[in-house]
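Just so you know, the sequences run in chain order A and B.
Its first residue numbered -12, the first sequence is counted upward by one per residue in this note's numbering.
Its first residue numbered -12, the second sequence is counted upward by one per residue in this note's numbering.
Wrong hints could be hidden among the right ones.
It does not matter which identical chain is used: a pair holds within one copy or between any two.
[What the hints assert, rightly or not] The calculated lysine-lysine pairs, modelled on DSBU-like cross-linking and capped at a C-alpha distance of 30 Å, are: (1) 82 x 149; (2) 114 x 149; (3) 65 x 114; (4) 13 x 149; (5) 22 x 116; (6) 5 x 149; (7) 114 x 22; (8) 82 x 5; (9) 13 x 114; (10) 22 x 65; (11) 149 x 116; (12) 116 x 5; (13) 5 x 65; (14) 82 x 13; (15) 65 x 13; (16) 114 x 82; (17) 22 x 5.
It should be emphasised that the hints constitute simulated quantities derived from the structure, not laboratory data.
The structure presented is a predicted model; accordingly, all values stated were derived computationally and were not measured.
Protein chains: 2
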Amino acid sequence: MTLSMYQSSVPVFVRLLKNLSAILDKGRAHAEAHKIAADVLPASRLIADMFPLSRQVQIACDHAKGAVARLAGVDVPKHEDDEQTIEELQARIAKTISFVETFTAAQIDGSEERDIVYPTSSRGDLKFKGVDYLLGFALPNFYFHVVTAYDILRANGVDIGKRDFLAG
Amino acid sequence: MTLSMYQSSVPVFVRLLKNLSAILDKGRAHAEAHKIAADVLPASRLIADMFPLSRQVQIACDHAKGAVARLAGVDVPKHEDDEQTIEELQARIAKTISFVETFTAAQIDGSEERDIVYPTSSRGDLKFKGVDYLLGFALPNFYFHVVTAYDILRANGVDIGKRDFLAG
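So here's chain A without its partners, still in its complex pose:
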């Protein structure tokens, strides 16, 4: 058995997204126990000029779905960024997991040298080889936003620990 592009993407994204959803479950339970309105935690930030929890979750989802679609050479589906409650964020995650799970090893493996174009509004098109896109861009971005989502909930006193992040 040798390491593959599929193994380094689909199961990694799916596991972490499931864990993020479970972490959000604990956030929702915390909000209910403390009578915090449903839209408060999703709007919480570590500092005023940083994205709130909702945006962290949306961007994490976008890097997961974008990575598998681009590596497989299919169109990236557009998901609207309109979630305002934890339940809505969990639906976004569930939709992303369903999409990521449709990809087979045959679609992703061998994409190391595939030319990837990642469009940005501020810096034009970023261009990568598949392996550099996955290891040097999609995965670090994904982890950045999943962990920051965790940290926002953790900083708000939600009863979560690293085991929730690593589970599975």
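Fit chain B to the known structure of chain A by using the hints.
Leaving out everything else, chain B in the frame of chain A:
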């Protein structure tokens, strides 16, 4: 070219550790500009019952050096956890990078099926195959602590952005 265990470990750890050191540089500049004592940011936390910045950096370093050593089948060097200033944390990172960079592709590649033992104080020995250890344990742990170190500095108003984390 196919994805390898080396490519998924050594250059990933080295790049992120270099970026973490550069992020800490900005933290040190921020502390100096605001006349914050050198031991304050390393002791900062997102919430009282979470590890401070210094411990986040130490654990991130430990997962990087532990991963490459275990995958290559060599002893993991012990680094004392006694850093109290950003300069000392940067020396810890530099020592870790030097160690990680000594490993060659020939030492790490082919470790997918290697039996890995990860000793813990609370849960005894955790056992993995090399690929599961790297993708499912060492890398997620590493990212968890690097991003949380970033988030602690960001929450303290240090002028850093995601580009500092992704650089290189």
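Going down the list of hints, with the structure as the test:
1. Taking CA atoms no more than 30 Å apart as the test, residue 82 paired with residue 149 passes in both settings, with 25 Å inside one copy and 26 Å between copies.
2. Taking CA atoms no more than 30 Å apart as the test, residue 114 paired with residue 149 passes between copies only; the shortest distance there is 18 Å, against 34 Å inside one copy.
3. In this assembly of identical chains, the alpha carbons of residue 65 and residue 114 lie at most 30 Å apart only when taken from the same copy (20 Å versus 40 Å across copies).
4. With identical chains, the CA atoms of residue 13 and residue 149 are at most 30 Å apart both within one copy (13 Å) and between copies (27 Å).
5. In the homo-oligomer, the alpha carbons of residue 22 and residue 116 never lie at most 30 Å apart, since the shortest distance is 48 Å inside one protomer and 45 Å across protomers.
6. For the identical chains of this complex, residue 5 and residue 149 are neighbours both inside a copy (14 Å) and across copies (24 Å), given an alpha-carbon limit of 30 Å.
7. For the identical chains of this complex, residue 114 and residue 22 are neighbours neither inside a copy (47 Å) nor across copies (42 Å), given an alpha-carbon limit of 30 Å.
8. In this homomeric assembly, residue 82 and residue 5 come within 30 Å of each other (Cα to Cα) only inside a single copy, at 11 Å, whereas the closest approach across copies is 35 Å.
9. When the C-alpha separation of residue 13 and residue 114 is checked against a cutoff of 30 Å, the pair qualifies only between copies, where the shortest distance is 28 Å, while the shortest distance within a copy is 38 Å.
10. With identical chains, the CA atoms of residue 22 and residue 65 are never at most 30 Å apart, being 34 Å at best within one copy and 47 Å at best between copies.
11. For a Cα distance limit of 30 Å, the shortest separation of residue 149 from residue 116 across copies, 21 Å, qualifies, whereas the shortest one inside one copy, 32 Å, does not.
12. When the C-alpha separation of residue 116 and residue 5 is checked against a cutoff of 30 Å, the pair qualifies both within a copy, at 28 Å, and between copies, at 22 Å.
13. For the identical chains of this complex, residue 5 and residue 65 are intra-copy neighbours only, at 20 Å inside a copy versus 34 Å across copies, given an alpha-carbon limit of 30 Å.
14. When the C-alpha separation of residue 82 and residue 13 is checked against a cutoff of 30 Å, the pair qualifies only within one copy, where the shortest distance is 20 Å, while the shortest distance between copies is 38 Å.
15. With identical chains, the CA atoms of residue 65 and residue 13 are at most 30 Å apart within one copy only, with a shortest distance of 28 Å there and 36 Å across copies.
16. For a Cα distance limit of 30 Å, the shortest separation of residue 114 from residue 82 inside one copy, 27 Å, qualifies, whereas the shortest one across copies, 33 Å, does not.
17. Taking identical chains as interchangeable, the C-alpha atoms of residue 22 and residue 5 lie at most 30 Å apart only when both belong to the same chain, with a minimum of 25 Å there against 43 Å between chains.
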